[in-house]
Each structure stands twice: as structure tokens, then as C-alpha cells.
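> Sequence:
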Amino acid sequence: MVHRPARTRRPPGARARDRAAGRAGALMLKQLAAYARDHLETGDQIPAFYQRKPVAWVIALNPDGSPKQARLRTLKGEKEHRFGLPLPVPSVTKTSAISPSIGVDTLEYALGWVSTDPKAPSKPERVHRCHDAFVALNAAWAGADPDGPAAVIAAFFAAGHHERIAQPTAIGKDDEGNEIEMPTWARGDLVAFKVDGKYAFGHPSAQSFWRTQAEGRKGSGETGHCLLCGEAGQLLKTIPQQLPKHLVPGATQSVVLTSVNKPTHGFLGATDLRHAPICSDCGRRSTTALRSLLENAEHCAQADGAAMVWWTKEDAEIPVQYVMRAGGNEERRRRREVIEDLVLAAERGHEKAVQHAETAVDLFYSATISGNVSRLMVHDWVEMPLPAVRRNLGLWFDDIAIETWNGIIHPSIKKLAYASGRFIRTSVKKTGKAGEYAPFGATGADRPLRFETTLLHCALFGHQPPLAISQHLVSRIRRDGRVDAARAAVLRLVFNRHYERSGRMTAGLDENRHTFGYLAGRLFALYESLQRRSSNEYMQGRKDGGRTAINTTFKDRYYAGSVVNPTLGLRAGAQLSAAWAKRLRSDEKQKGYRIWVENEIERLHRLMEPEPDRGRHDQQMDFILGYHHQGQHRTVKPTDDNGEAADNDSPEGDDE
602 MVHRPARTRR PPGARARDRA AGRAGALMLK QLAAYARDHL ETGDQIPAFY
652 QRKPVAWVIA LNPDGSPKQA RLRTLKGEKE HRFGLPLPVP SVTKTSAISP
702 SIGVDTLEYA LGWVSTDPKA PSKPERVHRC HDAFVALNAA WAGADPDGPA
752 AVIAAFFAAG HHERIAQPTA IGKDDEGNEI EMPTWARGDL VAFKVDGKYA
802 FGHPSAQSFW RTQAEGRKGS GETGHCLLCG EAGQLLKTIP QQLPKHLVPG
852 ATQSVVLTSV NKPTHGFLGA TDLRHAPICS DCGRRSTTAL RSLLENAEHC
902 AQADGAAMVW WTKEDAEIPV QYVMRAGGNE ERRRRREVIE DLVLAAERGH
952 EKAVQHAETA VDLFYSATIS GNVSRLMVHD WVEMPLPAVR RNLGLWFDDI
1002 AIETWNGIIH PSIKKLAYAS GRFIRTSVKK TGKAGEYAPF GATGADRPLR
1052 FETTLLHCAL FGHQPPLAIS QHLVSRIRRD GRVDAARAAV LRLVFNRHYE
1102 RSGRMTAGLD ENRHTFGYLA GRLFALYESL QRRSSNEYMQ GRKDGGRTAI
1152 NTTFKDRYYA GSVVNPTLGL RAGAQLSAAW AKRLRSDEKQ KGYRIWVENE
1202 IERLHRLMEP EPDRGRHDQQ MDFILGYHHQ GQHRTVKPTD DNGEAADNDS
1252 PEGDDE
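For the record, in the sequence shown the residue sitting at position 269 is 870 according to this note's numbering, with numbers rising by one throughout.
In case anyone wonders, no lab produced these hints; they're calculated from the structure. One should not assume that every hint holds.
As the list claims (entries may be wrong) - The list that follows gives simulated cross-link-like pairs (lysine to aspartate or glutamate, DMTMM-like), each with its CA atoms no further than 20 Å apart: (1) K914 with D963; (2) K914 with E932; (3) K724 with E764; (4) K631 with E932; (5) K695 with E816; (6) K1015 with E932; (7) K914 with E679.
To be verified - For each label pair, taking beta carbons as the anchor points, the in silico distance ranges come out as: (8) R875 with R949: 50 to 56 Å; (9) R875 with D916: 32 to 38 Å; (10) A721 with T1027: 26 to 32 Å; (11) D963 with R674: 45 to 51 Å.
Glycine included, each C-beta is placed from N, C-alpha and C at the ideal position.
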């Protein structure tokens, strides 16, 4: 295990506690082992030193050891079962040494088949040794339990039935296009034995025998106090089980939690776990717990080439998954309820929340990990009171709340990350469709590094987001000419956590905010709306999804420059708005809107203060958020005699 500190900056006074490299790894393993012991070891748990793996083939045996069929029965199916049926089978970390199992193993071990696949050829001599070791181990199991299924398997090999099992084949074509018979099995396929209709490896005698074998193989042969639980017991030489590579981002092989297999890796040239004593139970439990967390979407999130897992000491519910994703319709309804509860709890009182957090028993743990070949990389380890995490989540949802035409929404981090990329205005091959953001990983998507991980840390631990995030978004908004709910939510988060002294930014339109940038953004949105309403397409009732067919809009021409220098757009809007308003005077149906927008523009101009120094980052965000708030605000003003309400147009759609 290699500890690597997180890159995210932490503000002074942050509650998440950094640990030294060695201590962080030991603490993580200790809490994982405790989690498995307290919450995963139930009556239907997977036996010790067993792991769930896909079993591809089955050999069913009669009581005398003869096979019921002369061929293997396949368990391979479609989609999730294309490699076989996942079953808990005996498993320990395999090295280059020969390491057989009982009741189930690869076809090389179980039947001695030699693969002829040119991509993964077998060594015949090694395969024969592996098969002999498998037969010998199962014979030893039969000696320990003469009345169990092991005796039937031993009879199967003693009578030579394994030599008469036909290899599964299918008709295929060689390189020259000729039809040939080709094997349909792979050297890594698992084959299991069934006796009396039950898998032999699931028998109680198999579980006890295998535990003894696994402890003997992976044990150091020494007794001592475990570094994790503090109890005296048999110590391990290596961790007996591994994590599948598909669960650990970046791993190219199965991953072991900790391993010292070279003198250069260990302290004073020592190999194995000599200077990190871990007992058999803790080694097994820590791997079991981490795998369980990685497989559970409610306890794991993958982002930026790493996986973050979280859990609590008392296994309390902590809805971190709602920070990362919105989910389907039913999950969205549940998400809104949870967010409302968290925000209300955070608003009830900061002092009480902090006081309770310091005295609460339940703790929150999280680890951010990735893989490097077969090594586990620990980027971050955090231990903090659970009430503090709940409060941080409430403050997070309060800070990213943004008002749209459909009400207040709380975009997920996945949505925020998606909106941080380049917006595609016209269709370009292999980069996405027009009117969408560039897909993740696409050429020129232009997304910040570790964006999702940074925001997740802000949500859980109350960190300040780096200003580089908002600077990137402001740059993208100027180039793309688009600010939607997700982009506005990130800017509001950064503004409230960095520039709160300038006045807290609200989720929607704030009539009490009279800063130059905010009012300038509102005025720009009103000028844009006025141009749209005065266009021929709008007046004739031919709208195109809320956008008109104007070749170059007021926004297209002036928005990018106005973000940095609002006076540019305000002067142009003041000059052009007279002509737009004049066109509306000929349309009696829009009289109410024209009167309202003219009065609103005049009112906002009267509220504006002298122009401050231009170019400051907080003023740019102020302008963008003022523009978005005005565009998303639904106003219903008193109407004239024709009864038309003055509803403001929304230049952008809203999405969660």
C-alpha cells in the first residue's frame, strides 16, 4: 500500500485530519476490519477465505465418482453472466507458486487441460504439476472427511474419469477462412464439482479444511499481537485475498491491500508483513470490507481515476450518493426529501451542531484509492464526527441551490462536472452533438483535472473550492456564450465560500443586491429578452425552442466582453433598446411586457453605483449570476387592459 496525500487544499481549521503515511494505512485497515466484524459477518455471510467469482463449468458426479455426463455443463450466459455464474468459492492470493484449491479450480488445475490458444499458451509441464497438486489436495480433504463430497471427488480421479471428459468445442474459422473445430474454454475458466446436486466447495467440511489450508499458506508461522485489533493470534505472511481489478480504477491486475515482496520495499530489507503484524482474521476482514464498499453504490463513487469509499462506525445512513448523482424518478423524489432535511438541519444552529459533533460517538470514515498495476494507492484518509459531515452536506446543498423556472434545484456533482466542459454550438464529428456538452474523455472537452473529487471533498469536509474552478468556468462561459443552472451553481458555491463578505449570493433573483456587476448582469438579460420579443419570429409566433432565428443576437455580440467590462454591453443595449421597444409598440399583445421591461431597465439604472475597477474575478461572477438570475426569474406584474402578464423570458433551459 502506498499513501499519497490529496492535492485538494484544505482551509485552516478543517476538521478532516491528515495522517502520516504509515499511520493512515494502518488506521484504514483497522477501521475496515472493524466494519466487517461488526456489520458484515452475519448468518448468510461468505465463508472465511472465500470470494465471489464466476464459475463457468460444472461436473456433476454420481455417488461412486462417475460423471453424470461425459461433457462439461456450462454456466455461461449473456451480459453479466458471460464469464459464468458468480459463486462464493475458495480463494486466496495466487503467486507464481503452484496453489491448488478444493472442489473448484481452473481447468488447468482441475482436469489438466493444456491451452493451445496462441494468445495465452500453457506450459504443459507446469499444467501437469498443477493438476497433480489439485488431485493431492482434494485427496487430503477426503482423508480429513471420508464421508463428505471429497471422497466422491477422490474416486472420480482414482478411476481416471477426468481423462474421459470431452473438451467443449465449436466450429470456427482459421486465418485462411477454413472451418475448424475450436475450443470454447479458456485457461482461466473455473470448473466446479457437484455431488448430490450441491456444490462440493460449499460443504461445511470444505470450509473448515480450506480455512486451515489458507492460514497455513499465508501465515507466517509466528504468534504475536495484531497491529489492527491488538489481540494475540497467528500472524500473516501476506494478505490472503485480493480485490478484483475492475473495482479499483487504474489497476491492471488483482489488487492486494498491502504487500512487501521485495527487500527494497520493506523496512531494513524485511519482506512480507514482518514489520506490520496482521492477524488472519483482520487481514481477511479488511479485504472483505473494502470489496463490499466498492461494490455498493451507496458507499462508493468513482471519479477522476480514483474511487472514494465511505462508511460509519455504527453503520448509520449517510446519503453521500445523492451528492454524486440524481438517479431516476423515484430516487429523485427521495433525494429532494433528504436534501431538504439536511439543509434544514444545517440552518437550525451552527453552535449546537458543532457541540454535538464533538461529543457524538458515531464517526465517519472515507478513503480515496486507486490502483497501480497490483498495488493499492491511498490518496486520502479521513476520520471525522458524523454530525459534522451531515452539517457539511446540508451547507453544500444550500450553497449549490439554484433557482430555475421549475423551482429550486440542486445539481449533482456528475452534472456539475459535465457542465464544466466545452459546450458544442455546432455539430463536430466525434466530439458530441450540437446543443450539448462535449462527452467525458472527448478531444477538446476542456474539463479541469480532479474536478469531481475536489467538489466531493467540498461537500463532505466543508473545503473551499479552488478559485481555479470558477476561473475555468468563467472562461468557458465567455467562449461558449452559455450559462445554465449547473454552471451558475458552481459559481455561486465559489462566490459564497470565498467572497461572502461581499454579501451572500442567493439561489435566485435578489432585489436587495445592488452591486454594479449584479445589476449589470440583470440589465444585460433584460436587453437580450427585449431583442428576442421584438424579433419578427417572436411577434409572428414562430419560436424555435425559445430561440429566435436572429443571425447575430445581442448576446452573441456583446456577452463575452461584458463579463469583463459590463459597460460595453450596457452602452450598446441602451442605444439598441430604443429601436426594439419601438417595434413592440405596434404589437398590442405585448404592451404589458414593453411597459414592464422599460420601467425595469430604468429602475435598475437608477440603482447602479459608479463602475468599480473592472476585471476582478468576483465581479465577473457577480455579472454572470445576475444575468442568470434575471433570465430564470418568472415575474408576474400587473397587466394592462388586455390582460397580458409580463413574464420574463428564460434564455437558457434548466436541468438537474
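> So which hints don't hold here, by number, going up?
2, 4, 7 and 10
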